[in-house]
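Please take these sequences and the hints and turn them into a complete structure.
Protein chains: 4
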Amino acid sequence: MKVIADLCVIPLGVGLSVSAYVAECERVLAEAGLTHELHAYGTNIEGEWDAVMAAVKMCHERVHAMGAERISTSLKLGTRLDRNQSLQDKIDSVRSKLD
Amino acid sequence: MKVIADLCVIPLGVGLSVSAYVAECERVLAEAGLTHELHAYGTNIEGEWDAVMAAVKMCHERVHAMGAERISTSLKLGTRLDRNQSLQDKIDSVRSKLD
Amino acid sequence: MKVIADLCVIPLGVGLSVSAYVAECERVLAEAGLTHELHAYGTNIEGEWDAVMAAVKMCHERVHAMGAERISTSLKLGTRLDRNQSLQDKIDSVRSKLD
Amino acid sequence: MKVIADLCVIPLGVGLSVSAYVAECERVLAEAGLTHELHAYGTNIEGEWDAVMAAVKMCHERVHAMGAERISTSLKLGTRLDRNQSLQDKIDSVRSKLD
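Protein chains in written order, with the UniProt record's numbering: chain E, 1 to 99; chain P, 1 to 99; chain V, 1 to 99; chain F, 1 to 99.
Fair warning: there could be bad hints in the mix.
Which copy? The list can't say, so a pair holds if one copy fits it or any two copies do.
To be verified - Derived lysine-lysine pairs resembling DSS-like cross-links, with alpha carbons at most 27 Å apart:
1) LYS57 to LYS2
2) LYS2 to LYS97
3) LYS97 to LYS57
Everything labelled a hint here was simulated from the structure, so no lab data went into it.
Set out below in structure tokens:
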């Protein structure tokens, strides 16, 4: 089962700047070989369900290992059987209707 | 790693009423033996990370099997190392400050 | 336009315990006269769109005033034209399918 | 109060393809003069709180007017007092830590 996900990891108790923790999650996704695209309030991810979920778990483990004792993550998960759709397909589909 | 989760599964292309699909997810969580509590915009879940995530995957599989060809899920995931906290502990912690 | 909302306010830079800030948001909702129900990962709210949104803004203002310099909120917003549905109706609708 | 938001509008009861409804929301944001950036699972928005919230309400009104009788929206709202940060600043802040 393929999934399009959107991941937003928020470490608590580490002060106001969280970008170092988000950067660590980007490294996790890159190491996992998953297609991913950072945006201003999270990261889009595309891949097989188990691979994406293993990476999300690794993000929590690595962010905790960096010293964040509490994490609150928001994760969106989109699956569909009717057709195979990439991150770029989803954006193109909306943009084609704006022309 | 223990997690407190909040799960909201939205099936698309099945009309306006989605409660039958949400009920199926409740059955999945019960069968998995996970502590869970339905609210008006999702379901709180408490358990080990891998068990919770296996149940979330099963929810997608079962809702697709019911005929929903597309699903968009919102999942919140809270982990903390500083202490063990149950669903009820979280609610009690807020309520104690309202007295 | 009536809305069923789910609000989860996360203050950053204030340490690991956030329940005092969540409690302040509960007070804001009560003062606004909105039907609301706390759960373990947020609060369900029912009301007119503008009243609910004014309360969410007030939550940010009050949590900032308590000393949290950064806030990240997750808000779900459900509107429907086909029928009027309360928080309790939504829960009852799922539970009736579990019997 | 300035806000960085992430908006994901899901119309129900309109079939599997929702891109026409997302495109309408993009038009609403453009008409409102708000800085916004579409991604594969939502749209980042930057602006004053009241202007952003008025646009989100307009999105619901316009998507309902297109024939979607039910909508479920996920909205993230980030506010901070310590400094002024744009959508691009947030992305640059993470990327600078990946070099």
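Comparing the hints with the structure gives:
For a Cα distance limit of 27 Å, the shortest separation of LYS57 from LYS2 qualifies both inside one copy, at 17 Å, and across copies, at 11 Å. Taking the shortest Cα distances, LYS2 and LYS97 sit within 27 Å of each other inside one copy (25 Å), while across copies they are farther apart (29 Å). Within a single copy, LYS97 and LYS57 get their C-alpha atoms only as close as 36 Å, which misses the 27 Å cut-off; across copies the closest is 21 Å, which meets it.
Checked against the numbered hints given earlier, this structure breaks none of them.
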